[in-house]
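There are 6 protein chains.
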Amino acid sequence: MSTVPLQENPESDPLVRQVFDDIRATRGSDFINLLWKYLAFDPPLLKQTWEDVKSVMAEPSALDPKTKEMIYVAVSIANSCRYCVHSHTAAARAKGMDDEEYADLLRVISTASRTNALLNGLQIPVDPEFNREND
Amino acid sequence: MSTVPLQENPESDPLVRQVFDDIRATRGSDFINLLWKYLAFDPPLLKQTWEDVKSVMAEPSALDPKTKEMIYVAVSIANSCRYCVHSHTAAARAKGMDDEEYADLLRVISTASRTNALLNGLQIPVDPEFNREND
Amino acid sequence: MSTVPLQENPESDPLVRQVFDDIRATRGSDFINLLWKYLAFDPPLLKQTWEDVKSVMAEPSALDPKTKEMIYVAVSIANSCRYCVHSHTAAARAKGMDDEEYADLLRVISTASRTNALLNGLQIPVDPEFNREND
Amino acid sequence: MSTVPLQENPESDPLVRQVFDDIRATRGSDFINLLWKYLAFDPPLLKQTWEDVKSVMAEPSALDPKTKEMIYVAVSIANSCRYCVHSHTAAARAKGMDDEEYADLLRVISTASRTNALLNGLQIPVDPEFNREND
Amino acid sequence: MSTVPLQENPESDPLVRQVFDDIRATRGSDFINLLWKYLAFDPPLLKQTWEDVKSVMAEPSALDPKTKEMIYVAVSIANSCRYCVHSHTAAARAKGMDDEEYADLLRVISTASRTNALLNGLQIPVDPEFNREND
Amino acid sequence: MSTVPLQENPESDPLVRQVFDDIRATRGSDFINLLWKYLAFDPPLLKQTWEDVKSVMAEPSALDPKTKEMIYVAVSIANSCRYCVHSHTAAARAKGMDDEEYADLLRVISTASRTNALLNGLQIPVDPEFNREND
Chain A
1 MSTVPLQENP ESDPLVRQVF DDIRATRGSD FINLLWKYLA FDPPLLKQTW EDVKSVMAEP
61 SALDPKTKEM IYVAVSIANS CRYCVHSHTA AARAKGMDDE EYADLLRVIS TASRTNALLN
121 GLQIPVDPEF NREND
Chain B
1001 MSTVPLQENP ESDPLVRQVF DDIRATRGSD FINLLWKYLA FDPPLLKQTW EDVKSVMAEP
1061 SALDPKTKEM IYVAVSIANS CRYCVHSHTA AARAKGMDDE EYADLLRVIS TASRTNALLN
1121 GLQIPVDPEF NREND
Chain C
2001 MSTVPLQENP ESDPLVRQVF DDIRATRGSD FINLLWKYLA FDPPLLKQTW EDVKSVMAEP
2061 SALDPKTKEM IYVAVSIANS CRYCVHSHTA AARAKGMDDE EYADLLRVIS TASRTNALLN
2121 GLQIPVDPEF NREND
Chain D
3001 MSTVPLQENP ESDPLVRQVF DDIRATRGSD FINLLWKYLA FDPPLLKQTW EDVKSVMAEP
3061 SALDPKTKEM IYVAVSIANS CRYCVHSHTA AARAKGMDDE EYADLLRVIS TASRTNALLN
3121 GLQIPVDPEF NREND
Chain E
4001 MSTVPLQENP ESDPLVRQVF DDIRATRGSD FINLLWKYLA FDPPLLKQTW EDVKSVMAEP
4061 SALDPKTKEM IYVAVSIANS CRYCVHSHTA AARAKGMDDE EYADLLRVIS TASRTNALLN
4121 GLQIPVDPEF NREND
Chain F
5001 MSTVPLQENP ESDPLVRQVF DDIRATRGSD FINLLWKYLA FDPPLLKQTW EDVKSVMAEP
5061 SALDPKTKEM IYVAVSIANS CRYCVHSHTA AARAKGMDDE EYADLLRVIS TASRTNALLN
5121 GLQIPVDPEF NREND
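Protein chains in written order, with this note's numbering: chain A, 1 to 135; chain B, 1001 to 1135; chain C, 2001 to 2135; chain D, 3001 to 3135; chain E, 4001 to 4135; chain F, 5001 to 5135.
It is worth saying that the hints were derived from the structure and are not from the lab. Using N, Cα and C, we set each Cβ at its ideal position, and we do this for glycine too. There may be inaccurate statements among the hints.
Here chain C is said to cover these stretches of chain F; the calculated rule only asks that three of the stretch's residues, wherever they fall, bring their Cβ under 8 Å from a Cβ of chain C [claimed, not checked]: (1) 5019-5029; (2) 5032-5044; (3) 5047-5058; (4) 5070-5077; (5) 5080-5094; (6) 5118-5124.
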């Protein structure tokens, strides 16, 4: 159940076609996941979203692709985004995350969530040693 | 401003002393950050929290220490935990995260937060290709 | 799947009947959405919730009805409330939100979520220019 | 630093005066905490908020006052509301929560946050045994 | 739909078997809910999670079992964890929460969420009376 | 206290200079708020963030500027982002939001937060009438 209809033939729109072609070329695969098909209800939003995700996730940067996908999963879990958890867990696996690493990822995320709650409860001051403001 | 008082001489309690000694030994440093000093208001909670964090973050596991700290930062940002953001950003730096990696970390976290919101809005179905239930 | 059973004949309770009649009269429609039918498990909670929502959303106030529903959608997305996202997106459409406005709404919400994450990460001080405390 | 100015002499407004008198009478104390003083920038919002909080927290109901305040603290921690954490932790203490109970409260909240993250990551189906929809 | 496959015969792993036996013994029931069956994909994570939940929820402590389950529900609602809401609402009922208490629980949680949002918007300073730092 | 140092003379970097000039030109003001000054620690992140915010918030679109800022405030409150709440509340005022509208905004946000919690607790099914999937 979604808040926008699934487009019947989205690639009849030239802007959608161009974005879908770029998704296929970037990934080297014909699989277009549902996010992009639904986002085609508004081609400029589709284009902006894809270009942003592509520039952050698909282009070479300081962090390696698998690490970036695991961080994406961590944020998606904390924000309780069902679709994002599924798609980025699959992406992390596709980029090499094995079962042992996945279990370790869940261990770190769940431990962090625990101490986050503890600290949000205690409201203690931050150690001045952590400050970088006037470095 | 905190919800529990800062203990004056926490190590007079033998359980607190034991935990603090283990923190110092594990980290190879005399610095005890404020979290542990405040948590000393309830020694069993201090001990349980430290042992959990230590077993996940300080013991060898599938993911390397720097990656684990960056995931911790990601969760802490999503949960809006001020103390945790500061302490684990400092820990990630201490384990080797440089400025370029930090900027990349923020880029992934903020892009993930954007698409999380988009997907939580669209409420689209998850692609069956992502399902692992009956693998 | 829900945590309370769907009431078989909720309007047999006079308080439920009175609230349902007010919902129908306020909206000029016979459609009672499932929220109210399930909430009938506790008539006082049903009444309190409806009166609160009605006073804020259905009565004339500084903001127009369509804007209020879009703000409601924004909050529901950020809180990851599936039912609320669906019901208030439908309500915003019923009050005139078109596809272009919906795409713009999603654009603002997702951009805000991105910078929220960035700022929760940076933990920078607030500009004194924004303070209204001593205006 | 706040988004509305602190009112200089809020009780010169008769509606504010009436609400403040009710706060004092309900609590049997002259202390008015800052929330109400700032909310006086909009007397109807002040009145609606106070009446809602009063009816839920100050009137006799199925749960006892101390338990209700501890639940309030749990929600405030999860929503990362600094002011709310402080004011309701103080209220829970005023209604009898001792240090041991506070440590236990933090233990439950932090453990729940851990498993919440784990389950939001695993996205497993809910056991049909938990369903109450057709009871 | 889940991110890990449901294990076919999880108790063939001796560590899983040991944990499942302890779950059955602790609860005095043969029912093992799906969380534990899925977590069996990584026996050490299963063991760590169960021992943590057991020590906090099943062992005698300052708060009574029903209160602890209601606090767990409150946190799970705020974190939007569907599975956790279902399983811990069922657990709270199993430990004695009746319909009236459940309605009251929802009333406190929803009122707390309202004022949390209000205070996160107003960003007002915390009353110095609530500080415990130097008690 | 921040996780990156405040840059001493950020405009000595030509990319930073270019972005700051664009901020000044877009807003018709010399005031550069602290977000941009701190983000200058990584000029590409600064540029990407500014261009994204500018394209969504400063360019003409389906929704008017004041409405967009109020939606931004709603999201920032729900995500508990202190800096964002302050800066976008100020921006909404600068674009015409008066006190009465602000109080109404807070009313909608806080009521939505209440029913979000209620629905996340009840976990009731979404009315099929709200589905747009096969429109």
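Contradicted hints - numbers only:
Violated hint (a single one): 1; every other hint is consistent with the structure.
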